[in-house]
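Undergrad: Use the sequences and the hints to build the structure in full.
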Amino acid sequence: MSPSLAYLVLVILAIPMVLAVGPGRVPRVFESDWRALRLRGFWLASAGILLAQLILGLVDGVLPLHFSTELSQTGIGVLYSANAVVLAGAAAVAARFAPRAALGIALVLVVLGVAGAGITTGVPAWVVVLALTATGMGLANTGSVGLLLEGVQTERIVTAMVVWSQIGMVGYLIGPLVGGPVGQSAGYGALGLVALAAALPVAWIMFAPRRRG
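If you're matching positions, the sequence shown starts at 36 in our numbering and goes up one per residue.
What follows is a list of derived Cβ distance ranges for each label pair:
{"#": "1", "residue 1": "P51", "residue 2": "E105", "range": "40 to 46 Å"}
{"#": "2", "residue 1": "V162", "residue 2": "S220", "range": "24 to 30 Å"}
{"#": "3", "residue 1": "D95", "residue 2": "A127", "range": "18 to 24 Å"}
{"#": "4", "residue 1": "A127", "residue 2": "P51", "range": "19 to 25 Å"}
{"#": "5", "residue 1": "Q108", "residue 2": "L212", "range": "19 to 25 Å"}
{"#": "6", "residue 1": "F132", "residue 2": "W239", "range": "18 to 24 Å"}
{"#": "7", "residue 1": "L184", "residue 2": "V120", "range": "22 to 28 Å"}
{"#": "8", "residue 1": "E185", "residue 2": "P51", "range": "29 to 35 Å"}
{"#": "9", "residue 1": "V198", "residue 2": "T156", "range": "38 to 44 Å"}
{"#": "10", "residue 1": "L48", "residue 2": "F242", "range": "41 to 47 Å"}
{"#": "11", "residue 1": "D95", "residue 2": "V143", "range": "17 to 23 Å"}
{"#": "12", "residue 1": "A243", "residue 2": "T156", "range": "34 to 40 Å"}
{"#": "13", "residue 1": "A133", "residue 2": "G112", "range": "32 to 38 Å"}
What the hints contain is simulated information worked out from the structure, not anything from laboratory work.
Backbone N, C-alpha and C define an ideal beta-carbon position, used for all residues, glycine too.
TA: See below:
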């Protein structure tokens, strides 16, 4: 079965589940509110999703070139499939944490994971560091969603959600765009510096003192 056909089957199977949910008991009116973009919670959530997607761009678009020195295309596919399972599991488990805590842990894991993936050689080491990276990405994704929902009123979230998702897409593009030249010129170990550069703004927004008034 081709990937496209498999995806179509999954979409068809999901349709009855969506229909089974039905309308909400209490109808809500959702509206755009550009003022929501000024909220600190929105910017922390946006920095978190930018980080998560930038790391994903590094993992998808740059690190396979490093892994190909010791793995075949099939081996890389298996490694990444296992990585996806870890990411999904971490994202689910992260729902049990406070969003800020999940994002804070993610900062450490993704920097260590990406740096380790670039520095190390050998499949066993790559399995470990990619698991760290995937766990961090899962925590960052769920944490950023939680921060967005905490920071912006549900009825006002339309504009904030759209901009937040677009920022995530930009992060995915920035990952290979920046990581590719860095890895080529300074070595794959330098990818850890790219991850650190993306993590620092998140830490600054998270821990910077709040302004009064």
